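Student: Please arrange chain B on chain A, whose structure you already have, making use of the hints.
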Amino acid sequence: MCALCTILFVVLNLTFLSSFQQWATFSRSWFLIDAKLQPPGRIASMCAVRLQGKHKPIYHALSDCGDHVVVMNTRHIAFSGNKWEQKVYSSHTGYPGGFKQVTAAQLHHKDPKAIVKLAVYGMLPRNLLRPNMMQRLHLFAEDELPEDVLANLTEELPQPRDVPRTLSQYTQEERDAFPRLWTPPADYKMK
Amino acid sequence: MVFLTLSCLVRSRGPDRHWKVQELLKHARHFRGRKNRCYSLAVRAVRRAFVYATKGRILKKRNMRTLWISRIAAATREHNMKYPALIHNLGKTSVQVNRRILSELAITEPRTFLSLAKLAQARREEGFRAALGDGTEPAGVFSRVVVTH
Chain A
86 MCALCTILFV
96 VLNLTFLSSF
106 QQWATFSRSW
116 FLIDAKLQPP
126 GRIASMCAVR
136 LQGKHKPIYH
146 ALSDCGDHVV
156 VMNTRHIAFS
166 GNKWEQKVYS
176 SHTGYPGGFK
186 QVTAAQLHHK
196 DPKAIVKLAV
206 YGMLPRNLLR
216 PNMMQRLHLF
226 AEDELPEDVL
236 ANLTEELPQP
246 RDVPRTLSQY
256 TQEERDAFPR
266 LWTPPADYKM
276 K
Chain B
14 MVFLTLSCLV
24 RSRGPDRHWK
34 VQELLKHARH
44 FRGRKNRCYS
54 LAVRAVRRAF
64 VYATKGRILK
74 KRNMRTLWIS
84 RIAAATREHN
94 MKYPALIHNL
104 GKTSVQVNRR
114 ILSELAITEP
124 RTFLSLAKLA
134 QARREEGFRA
144 ALGDGTEPAG
154 VFSRVVVTH
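Residue numbers (the numbering used here), protein chains in the order written: chain A, 86 to 276; chain B, 14 to 162.
Next up, chain A with everything else stripped away, as it sits in the complex (with noise of 0.2 Å):
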């Protein structure tokens, strides 16, 4: 973002518009995340600060200066340890007895976007900028995106975490060259 802005005030110091210049400093740009097999708690993190602006060395509660953000592949995210099971997302329908609890893999089966959109509305600021930036925020299930959102986007962010390989993508050689403890005999029976 800073070299964009660092090459945005070389370019627009030649073409001599401050005009220009100052739009495209406030201007919304549109960022998007793979949040396959992620875990949805930190992509909600990098989702919130986005939305609220405060990426920017610009930032002002008052000012609006937060950005879209696109979430794709929400259906794949990575929940750790056992909170699939254990996660409990609580609601109220307002009438007695109403009141509804669903596990985590409930809740993602029902709808596959709810867990990130629940993660990012928590994270926000309570105040009455919060449905606007809501707002701005975008979720889709899979990763195929409709044409318009696939032509403002501007940047893609890095993954917060780091993706291990799974066995099949493995080569032979080095599933070979890996140490082992112990060979069984050939007549060991595994359980």
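Source of the hints: derived by calculation from the structure; they are not laboratory data. Values in this document were obtained by computation on a predicted structure and should not be read as measured data. Every residue gets a Cβ at the ideal spot worked out from N, C-alpha and C, and that includes glycine. Hints may contain errors.
What the hints assert, rightly or not - Partial chain A-side listing against chain B, Cβ under 7 Å, derived:
(1) 127
(2) 139
(3) 142
(4) 143
(5) 144
(6) 148
Claimed, not checked - Cut-off 30 Å, straight-line C-alpha distance, at most; resulting in silico cross-link-like pairs (DSS-like, lysine-lysine):
(7) B:39 with B:74
(8) B:131 with A:274
(9) A:202 with A:185
(10) A:198 with A:139
(11) A:202 with B:95
(12) B:95 with B:73
(13) A:168 with A:198
(14) B:68 with B:48
(15) B:95 with A:121
(16) B:74 with B:33
(17) B:95 with B:48
(18) B:73 with A:276
(19) A:121 with A:185
(20) A:172 with A:185
(21) A:139 with B:39
(22) A:139 with B:48
(23) A:139 with B:74
(24) A:274 with B:73
(25) B:95 with B:74
(26) A:139 with A:121
(27) A:198 with A:172
(28) B:73 with B:105
(29) A:168 with A:195
(30) A:198 with A:185
Tutor: Same frame as chain A, now just chain B:
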């Protein structure tokens, strides 16, 4: 004032009530409702306003400092560093630039801010080398402390 008859002297209560009232109402002219016109309502509203202004002067200093800190933190994260590391290492190199100027540099002088961030990063790495190494290597260039009393 000179009173020409005794009755005038007795009846006169205070010659400058109009100006006293105007002195107070001038602080209430931008208020909403009858508070900007009627003296009894304006007295109460103006007193509250002055109390809020007094409290606000204390809060303004705090709010401005948190704003500067969040702006500096945003700018340092653009340069792959964190705010505590920047502040601590700028302090260790005795760069006594306050947060107000740092935030203004981050907005209007990006290259100066980049150079300060790189200075802090270099001092940080020297600190790591001094802590993790064996102590045989000499301290780095930025670790030299200049004592000025």
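Student: Decide, hint by hint, whether the structure agrees.
Tutor: Hints and how they fare:
Because the smallest distance between the Cβ of residue 127 (chain A) and any Cβ of chain B comes to about 15 Å, over 7 Å, the interface hint for this residue is violated. The beta carbon of residue 139 (chain A) comes within 6 Å of a beta carbon in chain B, closer than 7 Å, and the hint placing it at the interface holds. Evaluation of the residue 142 (chain A) hint against chain B yields a held restraint, the C-beta minimum of about 4 Å falling below 7 Å. Annotation: residue 143 (chain A) was flagged as interfacial toward chain B, and the flag holds, the nearest CB pair being 6 Å apart, inside 7 Å.
Interface hint at residue 144 (chain A): satisfied, since its Cβ lies 6 Å from the closest Cβ of chain B, which is below the 7 Å cut-off. At a threshold of 7 Å, the smallest CB-CB gap from residue 148 (chain A) to chain B is about 11 Å, leaving the interface hint violated. Distance restraint check for residue 39 (chain B) and residue 74 (chain B): the Cα-Cα separation of roughly 27 Å lies within the 30 Å cut-off, and the hinted pair is therefore satisfied. A C-alpha spacing of about 60 Å is found between residue 131 (chain B) and residue 274 (chain A), which places the hinted pair above 30 Å, so the restraint is violated.
Note on residue 202 (chain A) and residue 185 (chain A): the hinted pairing holds, with a Cα-Cα distance of about 18 Å set against a maximum of 30 Å. Distance hint between residue 198 (chain A) and residue 139 (chain A) is fulfilled; the C-alpha atoms sit about 24 Å from each other, no more than 30 Å. Taken as a hint, the residue 202 (chain A) and residue 95 (chain B) pair is honoured in the structure, with Cα atoms around 27 Å apart against an allowance of 30 Å. Of the supplied pair hints, the one linking residue 95 (chain B) and residue 73 (chain B) holds, its CA atoms being roughly 25 Å apart against a limit of 30 Å.
For the given pair, residue 168 (chain A) sits about 17 Å from residue 198 (chain A) by alpha-carbon distance, which is consistent with the 30 Å threshold. Under the criterion of a C-alpha separation no larger than 30 Å, the hint pairing residue 68 (chain B) with residue 48 (chain B) is consistent with the structure, at around 21 Å. Between residue 95 (chain B) and residue 121 (chain A) the CA atoms are separated by roughly 27 Å; this keeps the pair inside 30 Å, and the hint holds. Note on residue 74 (chain B) and residue 33 (chain B): the hinted pairing is violated, with a Cα-Cα distance of about 33 Å set against a maximum of 30 Å.
Our distance criterion of 30 Å between C-alpha atoms is broken by residue 95 (chain B) and residue 48 (chain B), whose separation comes to about 49 Å. Straight-line distance between C-alpha atoms of residue 73 (chain B) and residue 276 (chain A) comes to about 69 Å, which puts the hinted pair past the 30 Å bound. A C-alpha spacing of about 29 Å is found between residue 121 (chain A) and residue 185 (chain A), which places the hinted pair at or below 30 Å, so the restraint holds. Taking the CA atoms of residue 172 (chain A) and residue 185 (chain A), the gap is near 14 Å; set against the 30 Å cutoff, the hint holds.
With a CA separation close to 40 Å, the supplied pair residue 139 (chain A) and residue 39 (chain B) exceeds the 30 Å bound. Restraint check: the Cα-Cα separation between residue 139 (chain A) and residue 48 (chain B) comes to about 40 Å, which exceeds 30 Å; the hinted pair is violated. Note on residue 139 (chain A) and residue 74 (chain B): the hinted pairing holds, with a Cα-Cα distance of about 20 Å set against a maximum of 30 Å. For the given pair, residue 274 (chain A) sits about 74 Å from residue 73 (chain B) by alpha-carbon distance, which is inconsistent with the 30 Å threshold.
Proximity of residue 95 (chain B) to residue 74 (chain B) is assessed by CA-CA distance (about 23 Å); at most 30 Å being required, the pair is judged to hold. Pair hint residue 139 (chain A) plus residue 121 (chain A) holds up; C-alpha atoms about 25 Å apart against a cutoff of 30 Å. Distance restraint check for residue 198 (chain A) and residue 172 (chain A): the Cα-Cα separation of roughly 16 Å lies within the 30 Å cut-off, and the hinted pair is therefore satisfied. For the suggested pair residue 73 (chain B) and residue 105 (chain B), the alpha carbons sit about 29 Å apart, so the restraint of at most 30 Å is met.
Between residue 168 (chain A) and residue 195 (chain A) the alpha-carbon distance is near 17 Å, which keeps this suggested pair within the 30 Å criterion. Pair hint residue 198 (chain A) plus residue 185 (chain A) holds up; C-alpha atoms about 19 Å apart against a cutoff of 30 Å.
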